[in-house]
Amino acid sequence: MKYLARRLLLFVVGLFAISVVIFLALRVLPGDIATIMAGLNSPPERVEALRAQMGLDRQLIVQYGAWIAGLVRGDFGTAMLTGQPVAALVGTRAAITFPLIILGLIIALAIGIPTGCAAVLARSPRARAVYQGVAIVGGAVPALWGGLILILLFARGSGLIPILPASGFPQAGWADPGRALASLVLPALTVGVIVGASMMRYTRSALQSVASTGTIEMAMACGMTRTQALTRVGLRLAMPQLVSVIGLTFAEMITGVMVIENLFALPGIGSGLVDDLGHRDLIAVQSELFMLAAFFLVIGLLVDIAHRALDPRLGD
Amino acid sequence: MPDSPTPTPRVRADARGVHGRRRMRIVLSTMWSHGTGRFALIVLGLWMLISVVSLFWTPQSLWKTDGYHVWAAPSRAHWLGTDGTGADLFSWLMAGSRTNLLIVLLTVAFAAAFGLLLVAMMVSRHSALAHGSVVAIDALISIPTVLIALMLAVPMGASVAVIVLACGFGYGLNLARVARPQALLAAHSMYVESALANGASAPRVFFTHIVPNIMPVLIVQCSLSAGTAVLAEAGLTYLGVGVPSGVPSWGHSLSTSVRFINIYPLTVLWPGLLVTIVVVALNLFGDALRDASDPLINPRLRGA
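Here the protein sequences come in this chain order: A and B. Residue numbers for the first sequence follow the UniProt record's numbering, beginning at 1 and rising by one. Residue numbers for the second sequence follow the UniProt record's numbering, beginning at 1 and rising by one.
Don't read these hints as lab results, they were simulated from the structure. Cβ atoms here follow ideal geometry from the backbone N, Cα and C, with glycine treated the same way. Treat the hints with caution; some may be incorrect.
Stated by the list, open to error - Residues of chain A clear of chain B, computed beta-carbon distances all greater than 12 Å:
no., residue
1, Leu56
2, Thr92
3, Ala94
4, Cys117
5, Val185
To be verified - Restraint ranges, calculated between C-beta atoms of paired labels, are given here:
no., chain 1, residue 1, chain 2, residue 2, range
6, B, Gly45, A, Leu121, 33 to 41 Å
7, A, Cys222, B, His188, 31 to 39 Å
8, B, Arg23, A, Arg128, 24 to 32 Å
Build the full structure now, drawing on both the sequences and the hints.
See the structure below:
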């Protein structure tokens with residue numbers, strides 16, 4: 001309980017710190033926010049009007065307070081271009097990004113964990129070297145390039161085996177689940193394969209550290225085969241480490257996801273954020289950055305709690 | 001948090017070994033004698049050589065565009081073909097290598113300095129400072145680098161500095177977290193106690209006793225960071241917050257050709273392949289350097 005309390009406190013402090021950093025990054029560093037939003041060559045009156053309209057003429061601390069008070073009420077501001085509430089905007093975008101991330105994670109786990117086990121089970125040095133090579137090369141592929149290669153292989157219109165849509169998301173959204181899912185397959189595969197390679201490396205090293213404690217030999221002495229011992233006993237013991245890694249991978253994936261959403265023209269959170277930055281819609285950017293950062297802090301919190309729950313040795 | 005109860009330092013403080021230029025020669029020749037190490041040394045050596053050469057000479061001028069030969073196939077004049085403006089792809093990749101080299105060196109230097117500072121804070125004897133830094137690292141580590149880069153890009157615009165600061169910050173946090181257990185083991189060891197009792201200053205203890213103990217971790221983390229920085233450059237430049245347009249970089253070459261992937265797939269092949277090879281080499285380099293420079297693994301460094 002003591003750990004949980006401290007970790008929760010840490011979470012709140014983290015949220016606060018992030019909100020201050022984001023707020024200050026948009027205010028204090030060079031480049032006045034209203035001038036940036038109005039555009040480079042706009043007349044001073046327009047800049048002034050915009051500044052007053054968005055309350056940027058108030059004191060910093062008042063602005064910050066108003067923003068945080070809005071966040072607490074669930075008011076994330078309105079997007080400059082469309083006048084839509086930012087919360088609704090992020091909601092529609094999340095309906096694409098979250099399925100993409102989850103699909104990518106499933107693919108990564110489906111690839112990474114079995115191959116990681118196989119890499120430990122492999123006996124001949126040559127097989128080990130091959131697994132090692134695959135993991136290193138897989139982790140070294142830029143997401144952008146991986147996506148392009150998959151487009152060249154499988155996309156309708158240009159691919160060698162044209163079976164999947166190359167880009168875009170159906171207008172109907174999830175009302176048309178088949179097509180919506182189909183449009184996510186290539187992007188998820190791109191993210192999944194690349195993350196799967198690092199997942200494989202983590203699985204391998206976690207299993208090796210478990211094996212070095214002698215538990216695998218113990219299980220084999222009790223009559224299990226090596227494969228059984230590794231997959232039944234070893235994987236379970238490696239689970240706490242793997243959960244931590246999966247959490248961090250989640251954060252790592254978002255870079256790939258942003259690139260991939262742009263590449264496949266999916267209107268998700270990542271491509272939306274980049275668009276808003278391009279439109280200099282800084283109020284929306286501010287809230288979106290905060291939401292994303294908060295999301296990752298929650299993931300970090302959940303991972304730490306799960307790690308504790310799975311590993312009784314870490315109890316208070 | 002329970003730390004390992006038995007402090008068993010990896011490197012004894014009184015260990016006599018090989019130093020100076022002789023040590024460097026041994027490390028390099030050990031790396032060269034292994035296949036992966038040799039591959040990494042060759043690739044990284046070529047990278048540096050090409051970066052320097054590109055300052056004086058590229059096969060074609062970067063700014064010589066040729067509207068009649070856009071998206072040309074590889075030929076004798078254009079070794080890897082041309083891009084959408086008719087500029088020579090090979091020359092751009094060559095010139096890009098120096099930008100990427102600069103980014104990688106600056107990022108790793110920043111990450112190492114920041115990471116070491118955090119490690120020093122975590123092992124310090126002021127418990128408030130030590131606990132506070134651990135808490136701060138745990139809270140910040142789950143924020144992805146790309147978010148930091150986007151935050152910085154708002155006031156700073158697309159620039160090399162955004163990549164270096166965002167990546168250096170993120171990788172520094174990571175380095176500190178990974179190196180912490182080893183650093184604590186050393187910090188609680190008898191020889192550190194005795195050094196302190198003999199009146200050694202805290203910085204001296206840190207650099208002569210703690211840093212050598214975390215060196216293996218440091219080397220591997222720095223090389224992983226270097227590889228990730230190359231990948232991050234490609235991603236961030238594509239997102240429009242990395243290297244500004246007009247400056248040659250591998251990410252620039254990769255992302256300019258992306259839009260026409262369906263029509264000219266070959267153009268996109270080379271930059272991606274180049275990035276992949278370099279990142280593989282960087283990762284292998286770290287492992288090889290760790291194995292070659294650790295006196296516990298490489299017997300030649302023990303003066304044997």
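Among all the numbered hints in the text so far, which are the ones the structure does not match? Those not satisfied: there are none.
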